[in-house]
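Chain order of the listed sequences is A and B.
With this note's numbering as the guide, the letters of the first sequence map in order to residues 1 to 211.
With this note's numbering as the guide, the letters of the second sequence map in order to residues 1001 to 1133.
Honestly, the hints are just simulated from the structure, not real lab data.
All the pointers check out, no bait thrown in.
List of simulated lysine-lysine pairs, BS3-like, C-alpha gap at most 30 Å:
| id | chain 1 | residue 1 | chain 2 | residue 2 |
| --- | --- | --- | --- | --- |
| 1 | A | K148 | B | K1005 |
| 2 | A | K148 | A | K136 |
| 3 | B | K1036 | B | K1110 |
| 4 | B | K1039 | B | K1072 |
| 5 | A | K136 | B | K1005 |
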Amino acid sequence: MKSSDQLASFVYDALNAGRSRGDITTALTQAGWSDAEVRDALDNWATGDFTPPVPRPRPFVSAREAFLYGLMFVALAMVAWHLTSLMFHLIDRWVPDIADTSNYYDTRDMRFSIASLIVFFPLFAVLNIRANRSMKANAGRRRSGVRKWFGYITLFLAAITLLSDLIWVIYALLNGDLTLRFFAKAVMVALVAGLIFAYFRADMTEDANAS
Amino acid sequence: MQAEKTVPWVIGAVVLATIAAGVWSVGGPASAKQEKRDKVRMSDIQKLNGHVLCLAYATDRTLPDMLPSEEKTIEDCSPVPRLEDPFTEAAYSYERLSDTGFRICGEFEKPELIAYPASYDPETGCVGFQFNP
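So here's chain A without its partners, still in its complex pose:
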């Protein structure tokens, strides 16, 4: 038995036996459990005198959600990648730079990015709208563990991208490479990563408020 299971079954038994929450807290604290662990264990059960103790809803993981959010995550990643790639090619075309030897304009790359965006952006939009609608209909979906994980992984990647972008700008500045072309590309990366970050942070913050 895992220690968290032991704790959960102890709390259940104690509440079932009619012990007060204060007594249980004291007993567990004396046994060495941390305040946060005790609070979490007690929060699993609704307050009130009903016996047996009434469980509170907990985060859940479902294969259907993993499929939907996984697909949404991949769609978002493809959109972010190809959006940036297409922007880079457009900047290469519109912002001339004599010192940049990688001065090429690849129409095939651009067409592939356009095709990917045409497929993945509507997919992401539709999945996202559906996910939001189902959350409005059923607030319990907000507690989906899969959703939280994909949300925070996205936030993590967006944050890493923003930080790396900043490092590159500072490096280019120090190295004398901060041309208009480079700066325009850095701004585009910041725009894409920033938008994704802003969106998912708002989404995750709402979760934190909701639960």
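Could you slot chain B onto chain A? The hints should help.
Okay, now just chain B, sitting in the frame of chain A:
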């Protein structure tokens, strides 16, 4: 709350604007076909370059004045690569500039997109080549 409402629209607008700019910049299927035809023409011109060098080495290291057809060519330099544009049937023009330089020209549809070779002149459609006797 606010961000969840506005950010999706901003993302959508950025994506659509980028797709539109991309399509506008890169051209549609017709322009892609033009690019493909230009690639064939450039590859023909590169093959003709090899052919000219072959003729020059076979004739006392002198550049030919003109490109002979298949019937009249030297056996060593046979078969003769395509001498005319396969799409317009117009002949590629060969021009001897000096003892060591020549150029081969064709009609390109998207001259501004041709980045290679560097000796390509978008104004005239000619590619300059060197011969070291």
